[in-house]
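Can you make the complete structure from the sequences, with help from the hints?
Here are the chains, one letter per residue:
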Amino acid sequence: AQRVTQPEKLLSVFKGAPVELKCNYSYSGSPELFWYVQYSRQRLQLLLRHISRESIKGFTADLNKGETSFHLKKPFAQEEDSAMYYCALYSGGSNYKLTFGKGTLLTVNP
Amino acid sequence: EAGVAQSPRYKIIEKRQSVAFWCNPISGHATLYWYQQILGQGPKLLIQFQNNGVVDDSQLPKDRFSAERLKGVDSTLKIQPAKLEDSAVYLCASSISGTAISYEQYFGPGTRLTVT
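These protein sequence lines are chains F and Z, in that order.
Per the working numbering, residue 206 is the first one in the first sequence, and the count goes up by one each step.
Per the working numbering, residue 37 is the first one in the second sequence, and the count goes up by one each step.
Some clues are possibly wrong.
[Unchecked claim] Below, in silico cross-link-like pairs of lysine-lysine (DSS-like), each with a Cα-Cα straight-line distance of 27 Å or less: (1) F/K214 - F/K307; (2) Z/K98 - Z/K80; (3) Z/K98 - F/K220; (4) F/K302 - Z/K98; (5) F/K307 - F/K278; (6) F/K307 - Z/K107; (7) Z/K107 - F/K227; (8) F/K307 - Z/K80; (9) F/K302 - Z/K114; (10) F/K214 - F/K302; (11) Z/K114 - F/K307; (12) F/K220 - F/K302; (13) Z/K107 - Z/K51; (14) Z/K114 - Z/K47; (15) Z/K47 - Z/K98; (16) Z/K107 - Z/K80; (17) Z/K80 - F/K302; (18) F/K278 - F/K262; (19) Z/K80 - Z/K114; (20) F/K214 - Z/K80; (21) F/K307 - F/K220; (22) F/K302 - F/K262; (23) F/K270 - F/K307; (24) F/K307 - Z/K98; (25) Z/K47 - Z/K119; (26) F/K220 - F/K270; (27) F/K278 - Z/K80; (28) F/K262 - F/K307; (29) F/K278 - F/K302; (30) F/K270 - Z/K80; (31) Z/K107 - F/K302.
[As the list claims (entries may be wrong)] Partial pick of chain F residues on the chain Z-facing surface, computed with a CB cut under 8 Å: (32) Y244; (33) R248; (34) L249; (35) Q250; (36) L251; (37) K270; (38) F281; (39) Y291; (40) L303.
These aren't lab readings, by the way, just hints derived from the structure by calculation.
We put the beta carbon where it would ideally sit given N, CA and C, even for glycine.
What follows is the structure, given as structure tokens:
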């Protein structure tokens with residue numbers, strides 16, 4: 206069965222500092238991974254997906270199959286990055302569904 | 037385009053009562069999802085529809101939860117009877133399709149259910 210682990214419930218950094226939100230997964234197939242974000246009083250929304258290899262709002266994430274990780278990184282955190290971040294694993298096959306981690310609350314202090 | 041709509045936004049009921057949630061997905065989206073998000077947890081898929089057919093309901097407590105998507109558009113999720121542990125935010129999401137290539141789920145604002 207698939208599983209997503211986000212080891213940090215809370216992460217606090219200062220503005221301008223680098224930030225890394227950790228995500229590890231367990232899945233027997235070929236994984237597709239996503240980061241979703243929920244800003245205060247807003248809806249859950251897609252931030253980025255590994256298949257696109259894109260950088261959104263300065264965030265990047267690299268899929269490391271050897272370490273089964275998909276950590277989210279940003280070199281210089283901004284106050285507006287404060288939000289709840291969820292890592293999600295997509296399992297293909299007959300059931301196309303997302304399995305979410307428990308999330309990490311990022312706070313960027315001024 | 038208009039986003040996913042959900043109602044009500046908040047609901048407080050007593051245990052053993054029944055409750056229903058409504059979701060209107062983005063126009064043209066074939067796939068609709070209902071998630072349960074308990075405080076401190078990530079969203080957990082309850083049921084997934086492709087048009088008006090059920091794709092996955094393996095985590096739906098079928099003794100008390102039911103869902104339907106008549107005509108492949110709107111959907112309702114019902115709980116009867118409710119238990120204290122059903123207190124959660126219920127999220128509805130939709131996507132163009134359920135396949136990976138075009139796979140982005142758009143979420144509604146959620147319904148916060150409190151069972152007392």
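**Report entry** Pair hint Z/K107 and F/K302, alpha-carbon separation not exceeding 27 Å
**Finding:** holds, 22 Å
Report holds or violated for the interface hint on F/Y244, using the least CB-CB distance to chain Z and a cut-off of 8 Å.
-> violated, 12 Å
Note to self: Quick check on the hint: F/L303 CB to chain Z CB, less than 8 Å?
What the structure shows: At about 7 Å, which falls below the 8 Å cut-off, the nearest Cβ of chain Z leaves the hint on F/L303 intact, so it holds.
Check your understanding: Given the hint that F/K302 pairs with Z/K114, does the C-alpha gap stay at or below 27 Å?
Key -> OK: F/K302 and Z/K114 at ~21 Å, within 27 Å.
Q. For the pair supplied as a hint, F/K262 and F/K307, is the alpha-carbon distance within the 27 Å limit?
A. Distance of about 22 Å is within 27 Å: holds.
* Regarding the hint that F/L249 lies at the interface with chain Z, is the smallest CB-CB distance below 8 Å? -> Hint holds; F/L249 Cβ to chain Z Cβ min 4 Å, cut 8 Å.
Can the hint on F/L251 be confirmed by a CB-to-CB distance to chain Z that is less than 8 Å?
-> Check passed: Cβ of F/L251 comes within 5 Å of chain Z, closer than 8 Å.
If you take the shortest Cβ to Cβ gap from F/R248 to chain Z, is it below 8 Å?
-> holds, 5 Å
- Task: Sort out whether Z/K98 lies within 27 Å of F/K302, counting only the CA atoms.
- Result: holds, 19 Å
* **Given pair status - Z/K80, Z/K107, alpha carbons within 27 Å** => holds, 25 Å
Practice prompt. Take a quick look at whether F/K307 and F/K220 sit within 27 Å of each other, Cα to Cα.
Written response: holds, 24 Å
Hinted pair, alpha-carbon criterion (27 Å max): Z/K80, F/K302. Please report holds or violated. holds, 10 Å
Against the hints set out earlier in the document, violations occur for numbers 3, 6, 7, 12, 13, 26, 32, 37, 38.
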